[in-house]
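Top line first, the protein sequences correspond to chains P and B. To convert, note that position 123 of the first sequence is 122 in numbering that gives the first Met the number 0; the numbers rise steadily by one, no gaps. To convert, note that position 398 of the second sequence is 397 in numbering that gives the first Met the number 0; the numbers rise steadily by one, no gaps.
A couple of the hints might just be wrong.
Identical copies look the same in the list; a pair holds intra-copy or inter-copy alike.
Said to hold, decoys possible - No more than 20 Å apart at the CA atoms, straight line, and that leaves these computed lysine to any residue pairs for SDA-like:
id: 1; residue 1: 145; residue 2: 33
id: 2; residue 1: 256; residue 2: 156
id: 3; residue 1: 256; residue 2: 121
id: 4; residue 1: 278; residue 2: 477
id: 5; residue 1: 286; residue 2: 253
id: 6; residue 1: 332; residue 2: 110
None of these hints come from the bench; they were simulated from the model. Keep in mind the model is a prediction, meaning the values are calculated, not measured.
Number of protein chains: 2
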Amino acid sequence: MPMDSFNKKALAFMEKTKRSPGFICRKIWKVGRDDPRRAIHALKVGFSLTLVSLLYLMEPLFKGVGQNAIWAVMTVVVVLEFTAGATLCKGLNRGFGTLLAASLAFIFEFIAREYGKVFRAVFIGASIFLIGTSTTFLRFFPKIKKNYDYGVVIFLLTFNLITVSSYRVDDILKLAKGRTYMIGIGSGICILMSLFIFPNWSGEDLHNNTITKIEGLAKSIEACVTEYFNVEEPNSDIDETMEDPIYENYKAVLDSKSTDETLALHASWEPRHSVHCHKFPCQQYVKLGGVLRHFGYGVVALHGSLQTEIRTPISIRLLFKDPCIRLASEVTKALMELSGSIRNRRQCSPENITEQIHQALQDLDTALKSQPRLFLGTNSPYNTPKMLAMLTTTAKQKFEHHLSNMNTDSSSERKPKGVSDQTEKRVLRPTLSKLAITSLEFSEALPIAAFVALLVELVARLDFVIEEVEKLGRVACFKEFKHAGDVV
Amino acid sequence: MPMDSFNKKALAFMEKTKRSPGFICRKIWKVGRDDPRRAIHALKVGFSLTLVSLLYLMEPLFKGVGQNAIWAVMTVVVVLEFTAGATLCKGLNRGFGTLLAASLAFIFEFIAREYGKVFRAVFIGASIFLIGTSTTFLRFFPKIKKNYDYGVVIFLLTFNLITVSSYRVDDILKLAKGRTYMIGIGSGICILMSLFIFPNWSGEDLHNNTITKIEGLAKSIEACVTEYFNVEEPNSDIDETMEDPIYENYKAVLDSKSTDETLALHASWEPRHSVHCHKFPCQQYVKLGGVLRHFGYGVVALHGSLQTEIRTPISIRLLFKDPCIRLASEVTKALMELSGSIRNRRQCSPENITEQIHQALQDLDTALKSQPRLFLGTNSPYNTPKMLAMLTTTAKQKFEHHLSNMNTDSSSERKPKGVSDQTEKRVLRPTLSKLAITSLEFSEALPIAAFVALLVELVARLDFVIEEVEKLGRVACFKEFKHAGDVV
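Bound conformation, chain P alone (with noise of 0.2 Å):
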């Protein structure tokens, strides 16, 4: 019998192995096909490191540079990153430490070089102990931290490597310039590849996340509207959540803050690369970044009233469907209008915007008015008795459930305590708040009261949005907005 098993095993493994090279291949071919630049970048690093292994394989080149070489070799591998500017920012990085760290080294080396040699191994000790200590503290603020940290830590290198080597290599500074060379020429060839072949820069990326943000954030309001007013329930699961559409789109918002802040410190260090403005405004993208996040929250209270336990009876819903719709869809145009606008590099024009977002909110004004009974209690004499009817029949139903859920849950208490208990109370418990909340009667009115009240909030928070659109379309001298067909 145990053979059998490790037989069922066996084949099992087999049966693994010979799906897994179709599997392997599936992936590779999908993390390509998600952003082909990643194959062209891979590209670019085998071939770069090629080119500069050719100064250690080829005979003439290395007479030239001797064992030097490997310095060239390192930097490629170190600083050659996915973008113009990450590659910029780590090079320069790399350079300047190095830069600094041999002068200090030098200058600490032309110090000691007077006294004898116990003297120079204590005094060498004492500055190696000195400098890697404040070096370190100094990577804990958080401005070296943010910007300059591998620039610190290549600084501290450096200095260990020249002052080390110093005490033994009698001519250090032939070394330091050999080295200096290969690492000037490994750079060299980073910048080229990264700056002049096929270059990927972080602020377009910075720019297409932007506007990926904006349209996902559109499309989530105009999916949550949609679902709020579906007649069918909708289930209200936390794990769900985590697979619904509707937070797929706006997911990339809410944790976007040190994607952007990456990328925009990058494309800080990148040289221009457009015509039309003499700068990169990657600070504003960052604010627009902070905005859109802001309203993204708001989107997210939005979905929260879509999970929430307490619900407005679909039929009292219903009677607001078509303004709040209205009003979301307006919405979601506004937004989809400004991510163009980001999109074509021309400025927005917020009146046009805002003018049917007021007519919308006007709407609903009006609907809401209309329903004076709706915000009324059960006690109310202004309900129509067939809604009357209705609301208590919920009511009770959902006492009942409650009731009955309370007792199994109050027997279950009252078992002695042990694993099985615990793990079966969790299963149970979870429900005693939601039963708790749904059971109270004033439920019924507050939901769609909350749900509006959102709606009218994200588009107090979409000015804000508009706002700081405009501030980039002037920051980035996007095109000027024209009136007639201009828009898309």
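Starting from the known structure of chain P, fit chain B onto it as the hints suggest.
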């Protein structure tokens, strides 16, 4: 006159330089005081570097190791990180990367050895291109990028160094062996320093961060509710939000994703350092972090209703002050209880936590039901005359205010376009939508409903937090919950 201004500038500059040492000192002091472990870490790095450079500086040691000692220095600079987990992660990545690369390089060397010089050069060039390209492409796979990025870079670096060197150096094996010893010594010192001398654990950081985040959320909720029912009119400027104490408290939660994941990644490399549990449950902390972020978005929405343009008059708000504040303080208490249970590493009791909340919910429900006239439009006969009068007056005032502003705005639009006009418009325009919103009458009833709904929604989300904290308590083998005076 220009001389005068020059003098002034020089004076100002001198003034600045005089003050700057003090400023720098204060800055250094602040960075150190914020987290004294930073200073300790800096001293540790300095000490390790000095220790490792003794290999070079002391005659008997140097005789044993020779020039290769430089690799030990390099290893210490690059590998020794702030927390034990980060050091281990980097060190092991470096170690495995180096070993793999060395093995592969020797296989290639073994194949190429048989042939002539030219073939060898071509073979080496081709293998460098191939390995360079494929390794770089590998770095784009999200899983590898997240866990092994550094190892892959080191693999590429080492492979190139060995392959290229092997072409010129005859006894490459001896060279590699010498360097490997040195890297071993360097790594040994790093591990010793980070694991045994004042160790900082990523796991501890993750644990403490989680506590801080929960407490921050608790404070935010309390502050939000207090401010909402505050009689004074709060400001509603978005730039102010950034400095807002409420915002300060929850902002750490919102952008915590990347920090959490990095800490968890590093923590997963750490050996167990507690007697209680066999493994640090870092993934559960990440999951709890996700739920806390989800909860945090709810707090953002609540905070948003403080800053919204549509306001319920304070007299109406005051009607719900007590039950709302009670519910909020119960939620706050629950969060504090949860953070306390994590801090003291004991399991929590969900029943104790949620019982009071349900009572508070019931009270809020009663309060809402006792004020049915609240949710009426202005045309309902249910309003007390006084409230009706108040509402009409407010609406009128707002409408007039709105009208006068609309006029200013449209007159500015009629001006010819130009830069100065644009800036002027920018100042006026953001208020457009705000006014459109405030002038609508439905506004009066909505916001308090939205506020209450959001508060109730928070209670629903609190359940997920409790569930995850409970799971954490079980997975991390926290102390059992005791019923008597154990509750903090």
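Going through the numbered hints above, which ones does this structure break? Give me the numbers in ascending order. 2, 3, 6
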